[in-house]
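Participant: Since the structure of chain A is provided, determine the placement of chain B on it from the hints.
Chain order of the listed sequences is A and B. When the letters of the first sequence are read in order and numbered with this note's numbering, they come out as residues 1 to 156. When the letters of the second sequence are read in order and numbered with this note's numbering, they come out as residues 1001 to 1151.
Check before you lean on any hint, since a few could be wrong.
Unchecked claim - From chain A, some residues computed to sit far from chain B (all C-beta separations above 12 Å):
#, residue
1, S5
2, T40
3, R65
4, T66
5, E85
6, Y90
7, E137
8, V154
As the list claims (entries may be wrong) - Chain B stretches covered by chain A per the calculated footprint, using a threshold of three residues with CB under 8 Å from any CB of chain A:
#, segment
9, 1042-1050
10, 1060-1066
11, 1092-1106
To be verified - Each pair of labels, with its calculated beta carbon distance range:
#, chain 1, residue 1, chain 2, residue 2, range
12, A, F113, B, V1114, 51 to 59 Å
13, A, T100, B, G1119, 24 to 32 Å
14, A, T98, B, T1024, 34 to 42 Å
15, B, L1117, A, T100, 24 to 32 Å
16, A, V13, B, L1122, 14 to 22 Å
It is worth saying that the hints were derived from the structure and are not from the lab. We treat Cβ as the ideally placed atom computed from N, Cα and C, and that holds for glycine.
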Amino acid sequence: MVETSRGLLVAIVAAAALFLVVGVDASMERTIDLQVEDGTGWSTIATMTDDHPRVPGETMLEKNRTDDVSFRLTVDNGYPLAYEEPYHVYTAGTSVATGTVIADARNSGEATFEVPVTALITPRDPADQGQWFVHVETHVGSTWMHGGFTIVEVDA
Amino acid sequence: MKDQEGTVFHMRTLLLLIGVFVATIGTVYFATEIRTRISDAGRVVALLLLAFVYGGLGLHFESQGSTGPAVDKLGWRWLRPTTLLYLLALLATVTSLFVFLSIDAIDRLVKAAVAILTGLGLIVYGALRLQHEDPEEQTTEQRDDDPPPEG
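Isolated chain A (complex conformation) (with noise of 0.2 Å):
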């Protein structure tokens, strides 16, 4: 029989608590997602409720080099805590935009931006290929996802 001493009660406490506080936070999900205007309305490139963040079905964009690409980074909270966090988005190692998303306690919330095309195919590509896979890299607070889409240029 384990004689009960002052620190043995505080490991047991502290064990409970520990399993209560991993349940609870687990059970709140948050759900962050980024998406980009396809023409048709707003298509997931990438998402980040996994812990091996997926990339969902390809996304074509028909654009012209003078165009924008408009993208939307959504939050899905929920904590009863308010979500601010800043975010980073990255194409080929080059910081595209930036900013902070913001979502109310268990509400959503979404950020905008609009990044030139020019941006997102060159200058690793050759100019007359005419479609460019872009891979993006998103950082939102200390968590990353990565996703892509293929740019079809309209005129090419």
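Facilitator: Below, chain B alone, put in the same frame as chain A:
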């Protein structure tokens, strides 16, 4: 493993070392891989609670007297179950601090101030309130307190 005095590496040693190795990896894995499962604040609190679990168990073993050295050889006698548990508590606290410092939503100045003040607070509390008991000193004191032998 044997030396001239006999076996110094026992099954107990092996279990203690494997235990601390597995717990160390588990703690680091817990700190890093649950990033997308729970919030940053939740991670900080969870790791602090884990430190309390390790520290509490260390205190328990200390009070029970189960503190024999893991390796009974000069230079290795500091390696005791209590020491290992306190080191794990230290590891959990340090990882908790790293998670706290990585929270972008909190101002860097605030994070630095919290870290410094918490560290200073712990040092002051430890120095003023927790007295280290040196068994050798205690024995000497007890010897001094003992009544002189009669005759």
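Participant: Next step is simple, just say for each hint if it's right about the structure.
Facilitator: Hints versus structure:
no., hint, verdict
1, S5, "violated, 4 Å"
2, T40, "holds, 30 Å"
3, R65, "holds, 34 Å"
4, T66, "holds, 35 Å"
5, E85, "violated, 6 Å"
6, Y90, "holds, 16 Å"
7, E137, "holds, 16 Å"
8, V154, "holds, 38 Å"
9, 1042-1050, "holds (count 5)"
10, 1060-1066, "holds (count 5)"
11, 1092-1106, "holds (count 4)"
12, A:F113 with B:V1114: 51 to 59 Å, "violated, 32 Å"
13, A:T100 with B:G1119: 24 to 32 Å, "holds, 30 Å"
14, A:T98 with B:T1024: 34 to 42 Å, "holds, 37 Å"
15, B:L1117 with A:T100: 24 to 32 Å, "holds, 28 Å"
16, A:V13 with B:L1122: 14 to 22 Å, "holds, 20 Å"
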